[in-house]
Amino acid sequence: MPRYQAPLADIRFVLEDLLRVEQLATLPGYEDATPDLIFPVIAEGARLCEEVLFPLNQSGDAEGCRLEKGRVFTPAGFPAAYRAYIEGGWTRLACAPEDGGMGLPELVYFVMEEMVSSANLAFGIYPGLSRGVYNAVRRHGEESLKRRVLPRLADGSWAGTMCLTEPQAGTDLGLVRTRAEPDGAGGYRITGTKIFISAGDHDLTENILHLVLARLPDAPGGSHGISLFLVPKIQVRDDQGTLGTANAVSCGGLEHKMGIRGSSTCVLNFDGAAGWLVGQPHKGLPAMFTMMNAARLAVGLQGLGLAEVAYQHALAYARDRLQGRALKGARYPNRPADPLIVHPDIRRMLLTMKAYNEGGRALAYWIGLHLDHEARHPDLRTRQAAGELVALLIPVLKALLTDLGFEVANLALQIHGGHGYIQDNGIEQYVRDARITQVYEGTNGIQALDLVGRKLPQATGRLLRHFCHPLAAELEELGRDGADPVLAALAAPLAKAFGRFQQATVTIAIRGLADPDEAAAAASDYLRLFGLVALGALWLRMARVAQEKLAAGATNPLYRGKLDTARFFMAKLLPQTGALFAAIQAGAAVVMDPEDERF
Amino acid sequence: MDLHHATVVGAGVMGSGIAAHLANAGIPVLLTDARLGAATEAVARLLKAEPAPFMHPDRARLITPVDLPEALDRLTNSDWILEAVTEDPVVKADLYRTLDRVRKPGSVVSSNTSTIPLSKLIAGQSDRFASDFMITHFFNPPRYMRLLELVAGPNTRPEAIAAIAKCADRRLGKGVVMCRDTPGFIANRIGAFWLQAAINAAFDWGLTIEEADAVCGRPFGLPKTGVFGLLDLIGLDLLPHVTGSLAAALAPDDPFRALVRPQPLLSRLIQEGYTGRKGKGGFYRLGRRPDGSRIKLALDLASGAERPSEKAILDSLQAARGGLTALFEHADRGGAYARAVMLPTLAYAAERVPEVSDDIDAVDRALRLGYNWKYGPFELIDRLGTGWFADRLTTEGLPVPPLVSAAAGRPFYRVEGTALQALSNDGAYHPVVRPAGVLVLADIKRQSQPVAHNPSAALWTLGDGVLCLEFTSKMNTLDPQVFAMIDDALARIGDGRGIWKALVIYNEGEAFSVGANLGLAMILYNVGLWDQIAERIAEGQRCYLALRNAPFPVVSAPSGLALGGGCEILLYSHAVQAHAESYIGLVETGVGVLPAWGGCTALLSRHSQNPTRPGGPMPPIAQTFETIALAKVSRSADDARRLNYLTTNDGITMNRDRLLADAKARALALWTPDYHPPAPPPPLALPGPSGRLALALQIEALQLQGKATAHDGVVAKAVATVLTGGDTDLTDLVSEAELLALERQEFMKLVRTPATLDRIDHVLATGKPLRN
Ligand SMILES: Cc1cc2nc3c(=O)[nH]c(=O)nc-3n(C[C@H](O)[C@H](O)[C@H](O)COP(=O)(O)OP(=O)(O)OC[C@H]3O[C@@H](n4cnc5c(N)ncnc54)[C@H](O)[C@@H]3O)c2cc1C
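Chains as they are written, first to last, in the working numbering: chain A, 93 to 691; chain B, 7 to 778.
These aren't lab readings, by the way, just hints derived from the structure by calculation. Do not take every clue at face value.
[Unchecked claim] Selected chain B positions facing chain A (in silico; Cβ < 8 Å):
#, residue
1, Pro95
2, Leu320
3, His459
4, Gly525
5, Met528
6, Ile529
7, Val533
8, Gly534
9, Leu535
10, Ile539
[To be verified] Cβ-Cβ distance ranges computed for the label pairs, FRET-style:
#, chain 1, residue 1, chain 2, residue 2, range
11, B, Arg267, A, Pro373, 44 to 54 Å
12, B, Ala129, A, Asp310, 55 to 65 Å
13, B, Met481, A, Asp607, 12 to 22 Å
14, A, Thr382, B, Arg313, 20 to 30 Å
15, A, Ala606, B, Arg313, 36 to 46 Å
Just so you know, even glycine gets a beta-carbon here, dropped at the ideal spot from N, CA and C.
The following block holds chain A by itself, in its conformation from the complex:
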């Protein structure tokens, strides 16, 4: 039977030992966010996830959502769980105090996002989207609009959605056709059909705010002609948020899908629905992207959350399930067979999962810390550098952690053998649920294009500086005589992989300048190469912290475990960079030469 226990020990290690989370309280506005506050909050969140959300995961998947008379009902237990969620204040966690929020750091929100995704991804999508809308309106909305809606989003009484996709406009949002006409009174009337809208309708909140991409009458074609609108499900009469009549938005259907079945995925019809403009006319896509950046990080954390819970299942199973004997003789002779965990290939899979998960967590939280620096650090240069690092790593984190999330869920299924394939055992759900994270919020292919096409060329590669220079310095230091031999042994393979990454970057930059196909054809391989090096960097830093703790007499077995897993990562996983490097150097011709007809 599935089980989930929030990985609080590892979370604490990353926050406290690796990232020195106590520094957050030195940032203006975060004075209260001391470890004394943060860790109890996280523990409370963990309890909610384990006790309230997790028990609804399998049942929600089995039951799915229902559309009845134009209204969507979530699976049994979801509305009550949502009430518990808002009563616990979780929607307010990282909202601003002036909106009734708690104003806690993004980093704390990251932790919660991971745990919720582990416990019940389908449920987590509802409040997750509200948070996206909150961010977008807070950043781009007019004051009056903010006053009207932000407190409602913060207290969770209203929810939000992101309405981008249309039948003919998926990745290419320049094709959006939904229209917006000024109503003559400062508002707009929105008409069109959106599909695949997560949380498009549900029974969790009294109102839903749809953030909609649409075209104004005089808009130029393509992506320069799209504006952003906020369209409520129920009209809002005044600043107090008094609800009026229903708006002309209706749910025209629910999709039946592979995973996240407890999350509603709706066709939404806008039929002259009243809405407000958010941000400047025709500047909707850039505005939407500020929200999408946060959303992409959140999806990365979804991948991590699923990987974590899948690993927990697999580990428990590998300890319980008795099959075969260790190759060098029985390890548990008094049992009818040895548990799976004695077998090298099972251990390889478990360590792969553990290395990806703990490395991914460190990487994600490290980015979360930089988000907080970007927002709050008193020094302009530090803010800028942090912002640039985050911008660079957003596509990496999203694609890497969701690809690995799926890989890890798949490995978890593999460890379960045939039992993994049986629905009641709950493991195949993770494979199905994980699959969507690679697709929505910009497919992982698009993340790779964002990395090579936008992030690398920006300011001639300056974004890379914030990642590369510190790592180059660390590796240089550990490469010198007299460096700690344990760490030096970890640094050597990483230095090699980093060298490949540096050279691959230069190759793509140079070739890509002459021929954009060159950059695009290498993009996915390059993103993975980057991701592995980034995980390597975090593993090296974790190992260093662990080594220091052990040297200082610490006895927590977690520290030894970190060194073991770091060694495994460097030796067994990082060498993939060699193959990726070769594939990148191979160039675009092998991909582009075959004529379309010859496929």
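Got chain A; can you put chain B with the ligand on it based on the hints?
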């Protein structure tokens, strides 16, 4: 007939500008004006004008400003008298009669008129005067605009025409286009039509000025100012004069006349002093935001109000990337605008042959050189296809010009065998003949295959065993591929006694080279590949030394910018043949580094070997230091000589079109069967730390005066370290190799400082230097 001395009558903007340019060409000029003191004032104004009319302020000494009465006594030794007085036939006629009484027999008189027909100008003048008279129509500013329209009368002496044409071509560097005596000649006739059509259509189709300028700009290879930006530049008040007088002179059925209409907004702007950049601004203006920062404003054509300028976004502009026809065929207002402006303009141009010239190439050259169009009208029609163009005109209900019908779908220009040919109004193709002494790389590229090429450079054969190295990278930046091509050229030419004898480094880009590809260097930097940056520096030094030591002549022929590494390549060439408009400089300190492809070393050696320099070790160091630390860029080839970027052995060519032929001739003249490359510079006795200290004191003094920033100081001290020889002292000699090693060492130190990075980031982001 040689022209030794000239007189310019009329010290207005054009007259004084022409006088300045004659001085640039080394021709002594008498500048005079009927208004007392005007000529003297004009010279003072010239010295302050931007862009500078003089190639070097010293050139002003060749101009003698005098009042008209005195000039009449002194112009007897002038071979050429240029008249640039008010556009008033009566004033001109009077002046001509006076001039005719005193001028030297056989001297040429020419008018810079742009609106009065030659026939009218010579009416009532003596036969002798008429035989010595012609129109020489310069474009503003005379130093920089390359077109000279030359109109001869029926009785003008052929030798006089030849002498002036030759002087204009070779000494003034102009592209001479022979014109008929028709109103507006060629360039203004078509250019004014284009301007007027573009203004009208912007109102008619409701475009913003940014949209109009974006459509009638880049996509057509027209100057990126577009139309409204151009009007701001030339002055809004000029337009009504030009269009008015032109329309009046044209036949009643000339399509131009139908275009001229009242422009209330334009009149209002002129009245309120918004005459363009010379006034309070024009269609575009600079304003301030509430917070005091500067903001570019644009005029709304409908309301006449200012608003913040916005980049034009039109679907048709996107479509234009797929070709000009896509722009013309687009349904949005950008497409409509392109049709409304460019179809009639191109048709009007095509109708003007043979009226204004028999020669389509003359028309194209006139617009290219006089209006800075990248392609002339016939070249533009070829880009559309003459068949497509004719069909489109018919669709729009416009008549198809006979010449376009005669083309019958064939292009106006074609390459037949190796020769470029142009269609003429007899329906047949005739070769486009380049004058003797003009060698055009574009022709060679049309006619032959490169000897070798890669994405950043190519090798072409110029004939007679001379190989040409062309940079082809963006802005002709220097990167590893360029160096690979240099190596390739060196290997091919070998000892210079085989099929190849010499190398000319030349290109026809806007800039000869803006130096190292900073972007590439920054990528290496950003990913932390320090070693590879150091390798690239060493690689550049090796490559330039190999050029310098080549056993065959290496001649560089720059035109436009030759900066940083682009300047260093000149310093390591065996000879330079520079276009007069060459802007040469070691500008590395501007981005927080120092010249490290041998620039410090070579310039120091040059200053040290100067036989006329003051004694002692410090003067050459101080001179080199000043040039490099202040990142001085020459304002012309003439100026570059004074900065020692060029030597007196290096040649200067006034006419851009003659540069390549001159460079090739130079290379062949240098070649001998036992050719030896220039000797490496002898080792230098340099002062080391004591000299460095002296320079450091100077830097600190500048910093105290606020003339140098903190990081200027850091960079200048690194330059000082190299130029004083590092840790040497005067009893030791420092070799070239040691100086080069110092360059590398100091470069690598600077490139790792955050302030240098900020400079490079800033330049890459904004194109402007950062003073930090
Ligand atoms: C369960 C679920 C929930 C969703 N929730 C939302 C939501 O809340 N709001 C919302 O607006 N949308 C939502 N979506 C839509 C989702 O974001 C899109 O499906 C996704 O962006 C891809 O668009 P598409 O399906 O049209 O695929 P397409 O765009 O047709 O892409 C097909 C494939 O081609 C690739 N591709 C496309 N263009 C390029 C290119 N230029 N270069 C290289 N490869 C390319 C893609 O990577 C992909 O692999 C959801 C989808 C699902 C399935």
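Status of each hint after checking the structure:
{"no.": "1", "hint": "Pro95", "in the structure": "violated, 52 Å"}
{"no.": "2", "hint": "Leu320", "in the structure": "holds, 6 Å"}
{"no.": "3", "hint": "His459", "in the structure": "violated, 13 Å"}
{"no.": "4", "hint": "Gly525", "in the structure": "holds, 5 Å"}
{"no.": "5", "hint": "Met528", "in the structure": "holds, 4 Å"}
{"no.": "6", "hint": "Ile529", "in the structure": "holds, 5 Å"}
{"no.": "7", "hint": "Val533", "in the structure": "holds, 4 Å"}
{"no.": "8", "hint": "Gly534", "in the structure": "holds, 4 Å"}
{"no.": "9", "hint": "Leu535", "in the structure": "holds, 5 Å"}
{"no.": "10", "hint": "Ile539", "in the structure": "violated, 11 Å"}
{"no.": "11", "hint": "B:Arg267 / A:Pro373: 44 to 54 Å", "in the structure": "violated, 34 Å"}
{"no.": "12", "hint": "B:Ala129 / A:Asp310: 55 to 65 Å", "in the structure": "holds, 58 Å"}
{"no.": "13", "hint": "B:Met481 / A:Asp607: 12 to 22 Å", "in the structure": "holds, 19 Å"}
{"no.": "14", "hint": "A:Thr382 / B:Arg313: 20 to 30 Å", "in the structure": "holds, 26 Å"}
{"no.": "15", "hint": "A:Ala606 / B:Arg313: 36 to 46 Å", "in the structure": "holds, 40 Å"}
Comparing the model with each numbered hint stated earlier shows that hints 1, 3, 10, 11 do not hold.
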